[in-house]
Amino acid sequence: MEVNLTLLVGCAVMSGCGVYLLLERSLTRVLVGLVVLSNGVNLAFLAASGPAGDSPFWGSAEPEDMSDPLPQALVLTAIVITLGTIAFLLALAHRSWQLHGHDDVQDDVEDAAIRKLALDDATSDSFGLSTEGQEQDDPVEDRQ
Amino acid sequence: MTSLVPLPVILPLLGTGATLMLFRFPRAQRIVSALVLTAVVVVAAVLLVSVDRDGTQVVWLGGWEGLGIALVADRLAVLMLLVSAVVTLAVLLYSIGQGITGDERETPVSIYHPTFLTLVAGVSNAFLAGDLFNLFVSFEMLLFSSYVLLTLGGTAARVRAGTIYVVVNVVSSMLFLIALATTYAAVGTLNLAQVAERLDGLPPSVALMIQLLLLVTFAIKAAVFPLSLWLPDSYPTAPAPVTAVFAGLLTKVGVYAIIRTQTLLFPDSPLSTLLMVAALLTMVIGILGAIAQSDIKRMLSFTLVSHIGYMIFGVGLATEAGTGGAVFYVAHHITIQTALFLVVGLIERRAGSTALLRLGGLARLSPLLGVLFFVPAMNLAGIPPMSGFLGKVDLFQAGVAQGSPLALVLVAGGTLTSLLTLYAVAKTWALAFWRSPQQAHDMARLLVGHGEEDRREQDEQAVPAMVEHRGHVHVGSVAFGAADLDEARQVADADAPDRDLHQLIEAGALPDRLPLLMVLPTAGLVLASLAITVVAGPLVGYTDRAAADLTDRDSYVGAVMDGVPR
Numbered sequence: 001m002e003v004n005l006t007l008l009v010g011c012a013v014m015s016g017c018g019v020y021l022l023l024e025r026s027l028t029r030v031l032v033g034l035v036v037l038s039n040g041v042n043l044a045f046l047a048a049s050g051p052a053g054d055s056p057f058w059g060s061a062e063p064e065d066m067s068d069p070l071p072q073a074l075v076l077t078a079i080v081i082t083l084g085t086i087a088f089l090l091a092l093a094h095r096s097w098q099l100h101g102h103d104d105v106q107d108d109v110e111d112a113a114i115r116k117l118a119l120d121d122a123t124s125d126s127f128g129l130s131t132e133g134q135e136q137d138d139p140v141e142d143r144q
Numbered sequence: 001m002t003s004l005v006p007l008p009v010i011l012p013l014l015g016t017g018a019t020l021m022l023f024r025f026p027r028a029q030r031i032v033s034a035l036v037l038t039a040v041v042v043v044a045a046v047l048l049v050s051v052d053r054d055g056t057q058v059v060w061l062g063g064w065e066g067l068g069i070a071l072v073a074d075r076l077a078v079l080m081l082l083v084s085a086v087v088t089l090a091v092l093l094y095s096i097g098q099g100i101t102g103d104e105r106e107t108p109v110s111i112y113h114p115t116f117l118t119l120v121a122g123v124s125n126a127f128l129a130g131d132l133f134n135l136f137v138s139f140e141m142l143l144f145s146s147y148v149l150l151t152l153g154g155t156a157a158r159v160r161a162g163t164i165y166v167v168v169n170v171v172s173s174m175l176f177l178i179a180l181a182t183t184y185a186a187v188g189t190l191n192l193a194q195v196a197e198r199l200d201g202l203p204p205s206v207a208l209m210i211q212l213l214l215l216v217t218f219a220i221k222a223a224v225f226p227l228s229l230w231l232p233d234s235y236p237t238a239p240a241p242v243t244a245v246f247a248g249l250l251t252k253v254g255v256y257a258i259i260r261t262q263t264l265l266f267p268d269s270p271l272s273t274l275l276m277v278a279a280l281l282t283m284v285i286g287i288l289g290a291i292a293q294s295d296i297k298r299m300l301s302f303t304l305v306s307h308i309g310y311m312i313f314g315v316g317l318a319t320e321a322g323t324g325g326a327v328f329y330v331a332h333h334i335t336i337q338t339a340l341f342l343v344v345g346l347i348e349r350r351a352g353s354t355a356l357l358r359l360g361g362l363a364r365l366s367p368l369l370g371v372l373f374f375v376p377a378m379n380l381a382g383i384p385p386m387s388g389f390l391g392k393v394d395l396f397q398a399g400v401a402q403g404s405p406l407a408l409v410l411v412a413g414g415t416l417t418s419l420l421t422l423y424a425v426a427k428t429w430a431l432a433f434w435r436s437p438q439q440a441h442d443m444a445r446l447l448v449g450h451g452e453e454d455r456r457e458q459d460e461q462a463v464p465a466m467v468e469h470r471g472h473v474h475v476g477s478v479a480f481g482a483a484d485l486d487e488a489r490q491v492a493d494a495d496a497p498d499r500d501l502h503q504l505i506e507a508g509a510l511p512d513r514l515p516l517l518m519v520l521p522t523a524g525l526v527l528a529s530l531a532i533t534v535v536a537g538p539l540v541g542y543t544d545r546a547a548a549d550l551t552d553r554d555s556y557v558g559a560v561m562d563g564v565p566r
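The listed protein sequences derive, respectively, from chains A and B.
Going by UniProt numbering, the first sequence opens with residue 1, and the numbers climb by one from there.
Going by UniProt numbering, the second sequence opens with residue 1, and the numbers climb by one from there.
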């Protein structure tokens, strides 16, 4: 099967950019990353469908000259699903902004606990049960 | 009988529409959902009997044989359908008894029932899918419902957990799409039976790439280590019935997909060693996480991850006995894990919290709750003669029979995990159910240093000695880390609004009884898990036949492609 190099390169670049953005803290950037990534994946489907041909309507062309309609149907489904997901994530980002004033993806509870343990160990030899220094452990503030 | 096959998908979807229209009438919504799920249970039971008697049933939707979407009901699929239908029905009744989330005053919801029914439709569709893309669509159906259910009401904790959950799952869906595009480019079809026929002709490296992509996708959904890290953080914040159905079903759909693709598409897999190592790590690391937890919900989430390892172990063995053991374990584990999470919901309702620091004396407060927790907890740990024990023995026998050194290591690892599970649930039992609320309260005060003066006045036996060691506080045989101190501080501070069980009892602020509609489904599931023990003989026979079907790829391919022009 002949593979269209342009589509493949486009798919690779978009997926790469998407993954880079996914690793960001802000949910909005994660969202943009997902949009770019999903479009890259859709290009992969187009590459998988082989060379473009005539429109696949009965009687309009010879079956050998038609392009494969199935991957296009799959891509359409994937686009619709991604649209829904993106809309939901947007709502989540908005809600997060309402609640916290930012849309950063927050730390895992377990990570925060482990970090707290590490911080407390670093400040004292035997872990004291003092309450000092607990307030500044908010992961969001630490990062900035 | 083939006309019954699409019903487990269609009925819940019709129910979704009906409950959406009835959003102003909560009572009608409840009746419709309960009726729909009861019907699904009946259909699944009839299918189970007929498929076991007559063999695999195939429906080509719209009559497009060989081109359209196939629904395939084989022994594995209908067993999963029946177990999931029973479990979802129990959870639905429980959530009706609870008043859905237990906190509608802050978070009014009319979308619970439609979303729940879509989730059921997605799960059923995933079990019946005879097509990789249909499997993808059903995953999206159930995931999307789960996004909504996980963030019901949009409280801060749920938005935090939901964000991580959504992003992880969307990434895994993207991986799934890439796997689909690769598969389509390689073999020109996505129908499982046709893919199975054509994969043999591919270069091994291409087949390996497709296998790896699919495995990673499903491993994220099934929470196999190291792709399990999202799970323990996202599940516990949801309402109890939602967590229960997620824990019971969603990860098992991933396991089901792994079983299906591994046996059907890649029977001579070069990756079985990888799967076994992943299984070992999942079991051991998961259970070590469970031991470290001081909240029952989080503890159970970690045991969930850990016990996924047993099923992957069975798949990784790549023998008929191993697959049969895995199938039996899936059926057992769906029931038991859901039951446990429902019990935890009851604990939260009755005692106001699930944090071990706040609980004590539950066995005295509510003996029924004690029994309901104890039976599935011991079953989870694999105490003979319960189904957890039988499932593990089944798997270990398969491991020994396969005989490779790695399989023997896994048998040892599985035994260790079983013992550590026993330790984790026994610790929960001792702390939450066995000690008195007074002891729990004193321990919390001791942890933050309030209790020293009380202690001198009291009997030394009543309050165990406290030792500090490397950042942990040991009270008796139990260690608490710095993460628990916030909890203890809230309990010990007399003015704080959060109270522990001791304070709640003193203040007489506890609900005096549990709603019957919450207790009955939970008790029903606990009884169902015991029933699995009673009918273990026939059930193992059934799972062995299912495994024989799975190992014999030709029976699946033959059933699907029967009469299809090639």
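It is worth saying that the hints were derived from the structure and are not from the lab.
Quick caveat, the model's predicted, so the values are computed rather than measured.
All C-beta atoms in this analysis are idealised placements derived from N, C-alpha and C, irrespective of residue type, glycine included.
Just so you know, not all the hints are guaranteed correct.
Label pairs and their computed distance ranges (CB to CB) [unchecked claim]:
1) B:Leu35 x A:Gly53: 46 to 56 Å
2) A:Phe57 x B:Gly541: 26 to 36 Å
3) B:Ala156 x A:Arg115: 17 to 27 Å
4) A:Gly53 x B:Ala292: 16 to 26 Å
5) A:Leu83 x B:Leu35: 39 to 49 Å
6) B:Gly55 x A:Leu8: 57 to 67 Å
7) A:Gly53 x B:Val49: 23 to 33 Å
8) B:Gly55 x A:Trp97: 47 to 57 Å
| said: Tell me if the beta carbons of Leu35 of chain B and Gly53 of chain A are separated by a distance inside 46 to 56 Å. | reply: With Cβ atoms ~50 Å apart, the hint holds.
| Is it true that Gly55 of chain B and Trp97 of chain A lie within 47 to 57 Å of each other by Cβ? | Once the Cβ atoms are compared, 56 Å apart, the range 47 to 57 Å for Trp97 of chain A and Gly55 of chain B holds.
| query | Does the hinted range 16 to 26 Å hold for Gly53 of chain A and Ala292 of chain B at CB? | reply | violated, 59 Å
| task | Can you let me know if the beta-carbon spacing of Gly55 of chain B and Leu8 of chain A is within 57 to 67 Å? | result | violated, 43 Å
| said: Looking only at beta-carbon atoms, does the pair Gly53 of chain A, Val49 of chain B fall within the given range of 23 to 33 Å? | reply: violated, 49 Å
| task | Could you check the hint for me, namely that Ala156 of chain B and Arg115 of chain A are 17 to 27 Å apart, CB to CB? | result | holds, 20 Å
| said: I want to verify a distance hint. Is the separation of the beta carbons of Leu83 of chain A and Leu35 of chain B within 39 to 49 Å? | reply: Cβ of Leu83 of chain A to Cβ of Leu35 of chain B: about 33 Å, so the range 39 to 49 Å is violated.
| said: The hint says 26 to 36 Å between Phe57 of chain A and Gly541 of chain B; measuring C-beta to C-beta, is that right? | reply: Hint violated: Cβ distance 53 Å, outside 26 to 36 Å.
Of the hints listed earlier, those the structure fails to meet are numbers 2, 4, 5, 6 and 7, in rising order.
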